[in-house]
Amino acid sequence: MLLIGAEDEEKWLAEGIAGIQHNAFYLHRALDSNNLRDALKYSAQMLSELRTSKLSPQKYYELYMRAFDELRILEMFFKDESKHGVSVVDLYELVQHAGNILPRLYLLCTVGSVYIKSKEAPAKELLQDLVEMCHGVQHPIRGLFLRSYLAQISRDKLLDIGSDYEGDAETVMDAVEFILENFTEMNKLWVRMQLEGPGRVREKREKERSALQELVGKNLHVLSQIEGVDLEIYKETVLPRVLEQVVNCKDDLSQYYLMDCIIQVFPDEYHLQTLEMLLAAFPQVQPTVDIKTVLSRLMDRLSKYAASSADVLTEFLQVEAFTKLSNAIEKVIKMQVDMPAVGAITLYVSLLTFTLRVHPDRLDYVDQVLGACVKKLSSIPKLEDRWATKQLVALLSAPLEKYNDTVTALTLSNYPRVMDHLDNGTNKVMAMVIIESIMKNNTCISTADKVEVLFELIKGLIKDLDGATDELDEEDFKDEQNSVAKLIHMLYNNEPEEMLKIICIVWKHIMAGGPKRLPFTVPSLVFSALRLVRQMQGQEGDIVGEEVPATPKKIFQLLSQMIEALSAVPSPELALRLYLQCAKAANGCDLEYVAYEFFTQVFVLYEEEIANSKAQVTAIHLIIGALQRMNVFNVENRDTLTHKTTGYSARLLKKPDQCRAVYACSHLFWVDGQDGIRDGERVLLCLKRALRIANAAQQMASIARDSSGPLTLFVEILNKYLYYFEKGNKQITAAAIQHLIELINTEMQSDSATSDAFLASTLRYIQFQKQRGGVMGAKFESIKL
Amino acid sequence: MVLVLAIGDLHIPHRAPDLPPKFKSMLVPGKIQHIICTGNLCIEEVHDYFKTLCPDLHITRGEYDEDSRYPENKTLTIGQFKLGICHGHQVIPWGDLDSLAMVQRQLDVDILVTGHTHQFKAYKHEGGVVINPGSATGAYSSFTYDVNPSFVLMDIDGLRVVVYVYELIDGEVKVDKIDFKKTATASAH
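Same order as they appear, the protein sequences are chains E and H. Under the numbering used here, the first residue of the first sequence is numbered 429, with each subsequent residue one higher. Under the numbering used here, the first residue of the second sequence is numbered -12, with each subsequent residue one higher.
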């Protein structure tokens, strides 16, 4: 077997072209001198160049085009009888004397074109004649181009025949028959190229063949353009014949190209009405054909068609498009045993897209598609193919995008089953997609059942899945958990019973999240529960008769559990804050014991877990602030807690911190409002203690400099004195205030600008109060500056 | 005219998922010259969001903030005004205006911006003005049962500051404004 080198081919092509040009020269001369005999001689010689077997299809095409151009000139000559004096009928006879069959047929076709246009014989007969005569050339490439030439020159005439202008039903059928015949033969030749021809590697041959595919496809184009070819003719004649050829030729390239061509070329309306016939061909093609791509394209086209108008939509229902497509897919998957998972999934994605566009209200269809996918996935081991995974994500995202209300997706029973087949990483990605969809659409998930389904779906985020590798990017992990935290706020029901159920379900899921996740998720749930407590407070009055199971007490029990789990992480600072929130909420519900219990937990955490001094300072202020506002405690309990608080305040590490915490504690003994405590003496005790600490701090500062300076502390305490003085604490006297001011002034020799300004503005304030006149003015009058 | 956004107590994601959409559409980058944030964002994502609105961002620490490096309080000068920021959980009793006035004197500022209570307040006293922009997300607060999302925009022009408060009430954004004038001789420090 000779291996053809590219150089050799170039050489032969050049030779062929030279041959054509050589004969063309003489042909033109003959035409110019109206010499028919010579014209025929030289044109036949020229056409002999096309008899070569040495060229590849692309090169042959180049040669063919040269000849084609010359034949156009020849045709014009033939048409003008005055030039050569021979009638077209005789001409037709004359050209048959050409020696070799190929030139003979080219000339016949050329004359035939003129003959048909002259209308001296019925077009039908001529065309039949020509198409049959072409049988004589069985060489694939030569035959293909010859028939292509025939198709080309007959095209105009066929369109005329098929149009209303020219014909009746019969003549339309004639045109159709002609084209189908030519098409069938061309396809056969094209397929034969795969098996015959000069020795070439299979891929190369396929590539060469692909270059010629449009020659075959053109026939279908022409068919689609003939006006007289209506749905009836398409259904009864055209489609069955074309499909027959496609299936029978058993050639991969041809089947793929032609199936696609049919779909692209003929109107969608026709496809819809012949859906069953069309789909029946799909499973019948060779198993190696990538028919799923064609099927997907068909579904995409039909989807778009469905969107074009409402009437069209009813047609879809009428022909039961969904069911037919669904069945066709199953058959194709079954038939193509070697189809990789990604292929099947792609088909389901196309079908789902179709369903969402055409039948968005049919959730059962949507679920069915997902179910079919699950079935397929169950028959294969766990997916590892990235492309397939991507397609699955597309499959799952489609309903979310379509139905803005994510809750709808939650009702699809097969949805979680599809998710189960994702690998852990993708599962989490999908979970994030779901959460984002909910957040974006501001969807509220309002029943316990739906919350349960939702949390099953996102379980990849909630806890470590089996076999999960711990390669967690910290940033990603944070994002995931914060998303879950935000999600919790989207779960809400007005009915306290249902809301409590929801909270319990969420807790059940997130408690399995482990120490890494609890600090992110627990706070959200805690506040969600506190909101419920508040809501129930408001509704307390409405509870009539039988005991309502959902009570604030129950919720506090749950809260206690949650925060305990959180503090065990360990996350003591956060837990302390949350316990305080609960205590405040219990206060609002008048539950003294519960509030006290929470404060106990607060102190336990403070004592045992919070060692960092800065954290202690913040914590103690939070405790003081909260306790100051509590009004539910009896005297004894309040005393115990206050005592503990002041104790801790005085034991903070740094003196300035101690001082500030202690004078803050003074407010524990003075609460505005009707029932508020007003223990002037204890207040003064605190302030005096703060002064002593400030003094000590000052002494220490002379050894080690403190930037805020102990002097500031004195001015702060002075401000507190003024505060209580104004409020009417009898224990705070004007004299004491004066004394303090003098003390500060004395110390002021050495010091920092800040204290200066602070003291100055404080004094200015006193001045201002004096000038106010009235009761306040009189009071302040007694302070001598 | 200098626009200063005062905002805080968002408590994202602990108590709220996001800013109300109506607020988000109003807060557009490039219009605001400074942002003052009282604290309790609580996560980095909110910090980043503020940064996109305006690069000049001043934040103080709230007790739930993820980033513990924010300062307890901060002062800055904008035009003729000295502003101070402090979240307020450190000031006992919480929300007490007299105690806040003391902090104002201590920081030596004309305007003190503070939070914690989730209640909008704009209060003038002898030493200056205290502004609480409330909670931008209407987050749960032990202080009050009725929290409407709110934030404040201050327009500082010479010796005058106009305080615009934006509140989301029943789904509609309501705006109110309060004028404050600073006397040239006050707070000369």
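Because the hints were derived from the structure by calculation, they are not lab data. Just so you know, not all the hints are guaranteed correct.
Between beta-carbon pairs, the in silico distance windows are [said to hold, decoys possible]:
1. E:659 with H:32: 57 to 67 angstroms
2. H:59 with E:1059: 44 to 54 angstroms
3. H:66 with E:903: 49 to 59 angstroms
4. E:903 with H:58: 51 to 61 angstroms
5. E:853 with H:66: 31 to 41 angstroms
6. E:1041 with H:32: 22 to 32 angstroms
7. E:1123 with H:145: 41 to 51 angstroms
8. E:768 with H:58: 52 to 62 angstroms
9. H:39 with E:1078: 17 to 27 angstroms
10. E:1082 with H:32: 32 to 42 angstroms
11. E:1059 with H:110: 44 to 54 angstroms
12. E:759 with H:31: 35 to 45 angstroms
Here are the computed lysine-lysine pairs in the DSSO-like style, where the Cα-Cα straight-line distance is at most 30 angstroms [what the hints assert, rightly or not]:
13. E:906 with H:11
14. H:11 with E:1212
15. H:161 with E:1155
16. H:11 with E:830
17. H:108 with H:11
18. E:1198 with H:111
19. H:169 with E:1207
20. E:1082 with H:11
21. H:38 with E:906
22. E:804 with E:944
23. E:944 with E:1082
24. E:1207 with H:11
25. H:111 with E:1207
26. H:111 with E:1155
27. H:61 with E:868
28. E:818 with E:906
29. E:1198 with H:169
30. H:168 with E:1155
31. H:69 with E:1042
32. E:818 with E:830
Output of the computed footprint for chain H on chain E, the stretches with three or more beta carbons under 8 angstroms from beta carbons of chain H [unchecked claim]:
33. 982 to 991
34. 1147 to 1154
35. 1187 to 1195
Cβ coordinates follow ideal geometry from the N, Cα and C atoms, glycine included.
Exercise. Within a Cα-Cα threshold of 30 angstroms, do residue 11 of chain H and residue 830 of chain E meet the stated pairing?
Worked result: Cα-Cα ~25 angstroms, so holds.
Problem set entry | Three-residue Cβ test at 8 angstroms for the coverage of the stretch 982 to 991 of chain E by chain H | Three-residue rule not met by the stretch 982 to 991 of chain E, so violated; n is 0.
Exercise. Is the hinted pair residue 38 of chain H and residue 906 of chain E satisfied, with a Cα-Cα distance of at most 30 angstroms?
Worked result: Holds. Residue 38 of chain H to residue 906 of chain E sits at ~20 angstroms (cutoff 30 angstroms).
Exercise. Residue 906 of chain E and residue 11 of chain H: Cα distance at most 30 angstroms?
Worked result: Since the Cα atoms of residue 906 of chain E and residue 11 of chain H sit roughly 23 angstroms apart, the hinted pair holds (cutoff 30 angstroms).
For this session: Starting from the range 44 to 54 angstroms, see whether the pair residue 1059 of chain E and residue 110 of chain H falls in it by beta-carbon distance.
Result: Roughly 25 angstroms apart at Cβ, these two residues miss the hinted range, so it is violated.
Problem set entry | Straight-line alpha-carbon gap residue 111 of chain H to residue 1207 of chain E, limit 30 angstroms | holds, 22 angstroms
For this session: Compare the distance between the alpha carbons of residue 161 of chain H and residue 1155 of chain E with 30 angstroms, and conclude whether the hinted pair is satisfied.
Result: Violated, because 36 angstroms separates the two Cα atoms, which is more than 30 angstroms.
Exercise. Can the suggested window of 52 to 62 angstroms be confirmed for the beta-carbon pair residue 768 of chain E and residue 58 of chain H?
Worked result: holds, 59 angstroms
Exercise. Is the distance from the Cβ of residue 659 of chain E to the Cβ of residue 32 of chain H consistent with 57 to 67 angstroms?
Worked result: About 59 angstroms separates the Cβ atoms of residue 659 of chain E and residue 32 of chain H, which means 57 to 67 angstroms holds.
Problem set entry | Hint consistency between residue 61 of chain H and residue 868 of chain E [alpha-carbon to alpha-carbon, up to 30 angstroms] | violated, 36 angstroms
Exercise. Has the given pair, residue 111 of chain H with residue 1155 of chain E, been kept, meaning a C-alpha gap of at most 30 angstroms?
Worked result: Roughly 19 angstroms separates the two Cα atoms, so the pair holds.
For this session: Compare the distance between the alpha carbons of residue 1198 of chain E and residue 111 of chain H with 30 angstroms, and conclude whether the hinted pair is satisfied.
Result: Holds, because 18 angstroms separates the two Cα atoms, which is no more than 30 angstroms.
Violation of the numbered hints given earlier is confined to hints 2, 3, 4, 5, 9, 11, 12, 14, 15, 20, 22, 23, 24, 27 and 33; the remaining hints are satisfied by the structure.
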